[in-house]
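Given only the sequences and the hints, what does the whole structure look like? Please build it.
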Amino acid sequence: MVASCFLRKCLTALAGLLLLSFGSLAASQIEDQTEQFFRSGHTNNWAVLVCTSRFWFNYRHVANTLSVYRSVKRLGIPDSHIVLMLADDMACNPRNPKPATVFSHKNMELNVYGDDVEVDYRSYEVTVENFLRVLTGRIPPSTPRSKRLLSDDRSNILIYMTGHGGNGFLKFQDSEEITNIELADAFEQMWQKRRYNELLFIIDTCQGASMYERFYSPNIMALASSQVGEDSLSHQPDPAIGVHLMDRYTFYVLEFLEEINPASQTNMNDLFQVCPKSLCVSTPGHRTDLFQRDPKNVLITDFFGSVRKVEITTETIRLQPDLGNMESRYKKEWMDEELMEPLKYAEQLPVAQIIHQEVTGHQMLARW
Amino acid sequence: MPWLRGPRKPSSCLPTPDIRTCHCQQPPCSAVFLPTALFIPSLVLQIGAFSLPPASSQRSPLLCSRVVYTSCHFPWRPLSGPPEYQFRSAHARRRVGLRERKCVRARRFPSGRREAPVPGAAAGRGSAVPEPPLPAMGLLSDPVRRRALARLVLRLNAPLCVLSYVAGIAWFLALAFPPLTQRTYMSENAMGSTMVEEQFAGGERARGFARDFAAHRRKTGALPVAWLERTMRSVGLEVYTQSFSRKLPFPDETRERYMVAGTNVYGILRAPRAASTESLVLTVPCGPDSANSQAVGLLLALAAHFRGQIYWAKDIIFLVTEQDLLGTEAWLEAYHDTNVTGMQSSPLQGRAGAIQAALALELSSDVVTSLDVAVEGLNGQLPNLDLLNLFQTFCQKGGLLCTLQGKLQPQDWTSVDGPLQGLQTLLLMTLQQASGRPHGAHGLFLRYRVEALTIRGINSFRQYKYDLVAVGKALEGMFRKLNHLLERLHQSFFFYVLPALSRFVSIGLYMPAAGFLLLVLGLKALELWMQLHEAGAGPQEAGGASGPGPPLPPAQSVGLASLVAPLLISQAMGLALYVLPVLGQHVATQHFPVAEAEAVVLTLLAIYAAGLALPHSTHRVMSAQAPDRGWMALKLVALIYLALQLACVALTNFSLGFLLAATMVPAAALTHPCGPRPLYAALLVLTSPAATLLGCLFLWRELQEAPLSLAEGWQLFLAALAQGVLDHHTYGALLFPLLALGLYPCWLLFWNVLFWK
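Chains as they are written, first to last, in the UniProt record's numbering: chain R, 1 to 368; chain L, 1 to 757.
Covered stretches of chain L, going by a simulated chain R footprint (3 or more residues, C-beta under 8 angstroms):
1) 191-202
2) 272-280
3) 301-314
To be clear, the hints were calculated from the coordinates, so they are not data collected in a lab. Glycine included, C-beta positions come from ideal geometry on N, C-alpha and C.
Take a look at the structure:
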């Protein structure tokens, strides 16, 4: 009896011990999960997808952009949050043997045009000016909401561009270019106007790495299909359609994204590994020095998906201010910055001064 | 140097390149008769003399006026020259020795003997007369340097001419060798690769159509228009016909036709999802000597296949023309709503936008061993090189044996054999292009800037043969790629010569060959012009010095007349050569037992030969004054005239320009009224345009490995003359008028120089 009682006590103690250890284990797991849950500070997702080249033989650029469009839409970003710019209408081109389709794979395996495509800027609307206006939000008041990037400082934005480029520029249509400096300045303007939380920039063009090397604004991660001095190459030649269907880099990115679902834990480091030189022929590049977080903690769905963060748990979680809550961290950073240097408007052009000052002869001479 | 000594008398100014003399007031004797002729050498010297801007800034506003003074001595100059000139010319007068010489030889002038007085004169001038005030005059060039250059040009004239001529010929021969030939490459993005699927499988159908066509043709004896219309409609085309008629200026002996009438049949395949703004053409010319049944069969089978595809962005016109090129010409004129050759034709009922490219097909057998491609069009025009590149890539893709000028493509370009073979092809192309004839129906499209090729199926004794499916697939691929075009073919070269299908020489690399040859004429003209100045001094000197602004010296009018007469007479000869043979054929047939075509050719030859008697008649209208000056001036004019003509021709049709330059330049440079006249005469006759044509015929057949006997050559020569005149009247080929109105009179001028009395 005594023995049994002792035994039971022992068992209870053991069980208690086990339970305790389990409990603590469970608690740490929950804490991890919570940390995961809060690790990205964004509350909404946007995508700006741009194809800058027209003409039938550039079919592949439209297919590139549409394949990214397909992926982000599949992963949950709605059309209202996607600004899609296509410089040409391949689906309705009279040369297209399969009207109303744009294929990304040979033998008509994958139609990236899909059933519902909402092109926001098309053909001659795709200009450098329109692109920069969309990014910076400086658009005429008459512009419909579907053509605006209505992001805020909690938005994660994916910007994908493809076309013909060179060292330091990307060609728009056949008439103009955007330079890497203009692009970097546009992103800085976005940052100053608090139009993004984090930004993922992907470009598939020749010498693509040159486009991100001038970026200087925080929280930007950038990927490119090729290094400076390298060409990006096409893939998927299709004799029936008569053109190349896709570019190599985007083709492998698309294959990678097809494996992603909204709950995937795949992170950015995996995206960096997509399309090694053996497949791409060019050397894909990436840049993370402006980005605050470690790429391995950044999920693919932070940019390609939409925020639908719901986790069901029966545990009670006490949210502590130091529980890796990015928001507070950011707040603190912001506070620090504000303390050090209060925000103020940029220097305006001193119009009044210019108008009222007397023009001296010397200045006159200098001006002429 | 003579032209630096200033004018012999204060009143006149000599045609010198030296702008210091521009302040003389009277138009000089030699400057008047040829302001334009002198303009060129004076400019050459101005440019060649390292023109320097004047040091003083106040001269700069006068820059342009100075150029005017230099180039043409017009009478708006100030009426009184600076006093230095009075002194200088007086001084110069003292120095001028006796210059009476029968023949002024070029090489004597720059010698030390002539040079001797100059330093003394300069020294004397230095003490008594100040040096012409350089800053005030605003010289553009350094006289010392220019003098050195001029001396160099004069002393080394003959070696320089020989060197330049040899360099030109050597450059041309080197065109077939790798540093100058480059590999062809596709420039047009829209046609970048051969990545299209050819699905054509209608070989049997094509043969069936061909059999039916041949049978109906045999039955009707002409193009079976009704059958063609029916068949085209049955494969789903919009079918139209066009009838035309044309009376040739004289009967065409080789094709046996005079009053020509025919009907073209064409069917339009409308692009299903595009506006009819652009089109492509596949044409088959049917003529009395080329049945082309298989080509018609393949055209119909291709039309049936194309009708089933929905990817056409351009309309495709399937055109079958009767009377081969005459039908094509009639259709093209009607399509573009022009009438340039006096063709009577009915207007077209159906159109399909601007034609972007055209392929002409000639096939006369069910199987072919190779495909030959012809690029040379009317007046030596060539299609954009990208079209040829397209043909070549599809030849490679389909594994077809493709030839250029009937020559196999050399594989090995590293050894000498490949380029030597290329040289033969290049020479053949040069001859073909120089003839200015359209070598296939494509040649007429080029006038309307429609890029076009003729593809000929050759059936020789080779083992390996291709059927119509292989040819059809190549055509389908080309059409599908042309369908991808977004703009006119413009990225690649329009001016090129081809040593092989996969090799080309661009205009920048072949032009120096013609440039070197023309440089000979320039050097000779320069030398003559300097001599002329020297020689003209004698009679002028005799005229004596008078005050400023005397009436024109008599020598001037002599110079003028001595040039105008031969110029006018030779030009009139040219006009007669151009007009009379066709105009006078009926008179000739009435008085001589010859047919019209023979009459034309014989009249042509008679007038041509009559021109050789010209020197004897021209001398009647000329005074015997200033014999040296006369022939020199005439030769100078002739040299510049020839150089200008050849330069213009070489720019548009390099082959013709080069061939004419290579033959005419040596004789033109050597011609001289003294020395071994019979030798020069023989050389001149051998290098006259007609003799060049005869020589080219022999060379052409030699290169084709079908050498001619003399009698055959003569027959071919007569046929070529008739054909040349016919081509001019029927298609607007410009070779005949160019030779008759331009080069023949020019050649007569040299003939005149040779027999100058």
